[in-house]
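Number of protein chains: 2
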Amino acid sequence: MSRYHIFSPSDAIDYARRHGPGLGTELSAEEVGDGNLNQVFRVVDEESGRSVIVKQALPYIRCVGESWPLTRERARIEAGVLLQHGRCCPEHTVALLHQDAGLSVLLLEDLSAWRLWRQALLEGNAPAGAAARLGHYLARVLYHGSDFGLASTAKRAEVARFSNPELCATTEAVFFDDPYRDHQRNNIAPGLRPLAGQLWRDGALKRRVAALKHRFLCDAQALLHGDLHTGSVFITEDELKVFDAEFGFYGPMGFDLGSAIGNLLLNLCGQPGLNPGEKGRAEQWRRLEEVLTLWRVFHDEFTALATGCADPALAEPSYVEEFLVQVWRDSLGYAGTELIRRTIGIAHVTDLDGIDDAGLRLDCQQNALRLGRELILGAETCADGNALRALLAAYGTAPRADR
Amino acid sequence: MSRYHIFSPSDAIDYARRHGPGLGTELSAEEVGDGNLNQVFRVVDEESGRSVIVKQALPYIRCVGESWPLTRERARIEAGVLLQHGRCCPEHTVALLHQDAGLSVLLLEDLSAWRLWRQALLEGNAPAGAAARLGHYLARVLYHGSDFGLASTAKRAEVARFSNPELCATTEAVFFDDPYRDHQRNNIAPGLRPLAGQLWRDGALKRRVAALKHRFLCDAQALLHGDLHTGSVFITEDELKVFDAEFGFYGPMGFDLGSAIGNLLLNLCGQPGLNPGEKGRAEQWRRLEEVLTLWRVFHDEFTALATGCADPALAEPSYVEEFLVQVWRDSLGYAGTELIRRTIGIAHVTDLDGIDDAGLRLDCQQNALRLGRELILGAETCADGNALRALLAAYGTAPRADR
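Heads up: the sequence lines are chains A and B, in that order. So in full-length UniProt numbering the end of the first sequence lands on 403, straight run, no missing numbers. So in full-length UniProt numbering the end of the second sequence lands on 403, straight run, no missing numbers.
Derived from the structure by calculation, the hints contain no laboratory data. Note that the Cβ used here is the ideal one computed from N, Cα and C, for glycine as well. Please note: incorrect hints may appear among the correct ones.
As the list claims (entries may be wrong) - Covered by chain B, according to a simulated footprint, are these stretches of chain A (three or more residues, beta-carbon under 8 Å):
(1) 155–165
(2) 213–223
(3) 360–373
(4) 382–395
Modelling step: build the complete structure from the supplied sequences, incorporating the hints.
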């Protein structure tokens, strides 16, 4: 195992040359990391135009510095998740070409010619098929990483192998703790303070958030991506690949689904500010359809996969459906926590913060907080897509008479 | 670390002499294991009368032989559980005096002068306080091994450390799989076949069993004992200690509670055969009270401990109560699976099989199967002790007019 040292651009080039497939001798490297945790080099073969990504975990949080240490174990986790998910769904998982555990380095296929799904949603030209492709990815990776798809001894060993306490603790703090109290890590626009204060005093809401956090802490249903927002997904017109899997662990399926759904709904909430008028309403309508498509494809493909379940008890078909009802409810609840934490927590999204007009921005942020609360409180009674449609009607997505 | 070899009595004496506190030179050893998995020596200092237990895991299931291998990892798990539970509740956990990981050997305090709780229940002279003591034990060990009592990073590390796939797989097969299908491992009295066949065709029941199994597979709520029947509990008139913790793992709290409750109810179901007439009815009444006491003490002490919970989300008091409602329901469900698996599965109990009269025995066994089914199906709607009292009325425990 190599000895750890922080890569310079020329280290990245050396590593890419040794382990990258078909790279020549004239290589250049550029640091392209826009994330908060790692350094990421794009290494290009100037002659052939071929390129790869060299991603290295630093022993601290990059955007903060050495004062906030963070385990390099996350590189091992990320490599393991990408390999595992890549086995189940290679068409939608970024390809891992090589890894070096000692250096905490991953060599990845370069998708920088693709677009981030979040960016396409912001530009109003996201391809219609992306939601279905993500539903397909989730059905395959969550099924095959669960007790439906694995023998229990193998699955229990995987739960231990993907134990990821430090990164999970970060998620727990930013999703379930900070936004529900007045904490210095929060980033709250002054106009949102009154509404945030209401959330902090809302006992019914905090009880549901406790239940969602407890499930996140305990319920090892499947090997999750763990950070599945729309900025963790690269797309083209007819392709989709998920990347950035260092938050992976064994957790509740609804967390991955809810993170994705929550980000579609953040974009929905931002539309009146991003695209005032008719265009924004049409985009909102598309976001709702994407949420329902994502769920439908996930549900139908998971159900189909479960007909091959080898577990004598879990194979009971009526149980599979009962379980998926619970996953739907969890997904809505986790989506609600995503809406809230992205509005008043430490890490925001452009879908809201990128709205130029301060008044419109505040309106959209307030809507996101209200919708988040409604989803968390309504998750247990929001039985299906139609119920979700009705719940979202107040947010501009009701089908108009002329549709 | 010592090299593994199977202990002879003189090996056990050597080991006890080296590591046992205050033992002299004149030691004798007797094999006293009546379990199915291990060999157990009682080593006695003939002069002082002091004694210890030397328990060694064999690399196979003892009662079957070398053809059924079983990981010696279970000795490491058992030592870890006893240490952890002993820290939380030394008064009710058998003391671990020494361990040798290489030899898969544990040196334990000798409780053979005490009685097994099961035996006392069979003899009709179990002390009234035992159920409350077990409730106290469960509140302390389950609270302190859970996300209520541990920081999440520490708890996630514990989940991985106590990963126990092989022994869990045994539990899964004998609790949740075999009794619900016609399997060669089952041990079914000929007169029970019709009723067993009904269970195998009962879709509603199998759906609930799937949910209970799935929770057992996924839901890492606390460090469980994992095999908490009345034969894993030594008692005196005013003491109680739990032993045999090799099935320990991170699982749902209701499984430990349900195993204990299920065994009290197995004894209840056996009473018409064990003690026909008035005495049996009085014993049944006592079992019901013990079940309710065990739960009440567990519930109240867990609730009191949770006032010190340091987790910002889980500390919400209304959530603690909501969570305990789910634990109650799980407990009834798992108790139901214990009743069924001990009646038609591989491992039976004397509370039923020890009934001499064949007709009475069959009646009692049928009652156990029916009650098991009712508990599993009724768990989600059986809201409290009064509801359980009503459910059990049909099994002879209704308060009579003259009480």
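Okay, the hints, checked on the actual structure:
no. : hint    : verdict
1   : 155–165 : holds (count 8)
2   : 213–223 : holds (count 7)
3   : 360–373 : violated (count 0)
4   : 382–395 : violated (count 0)
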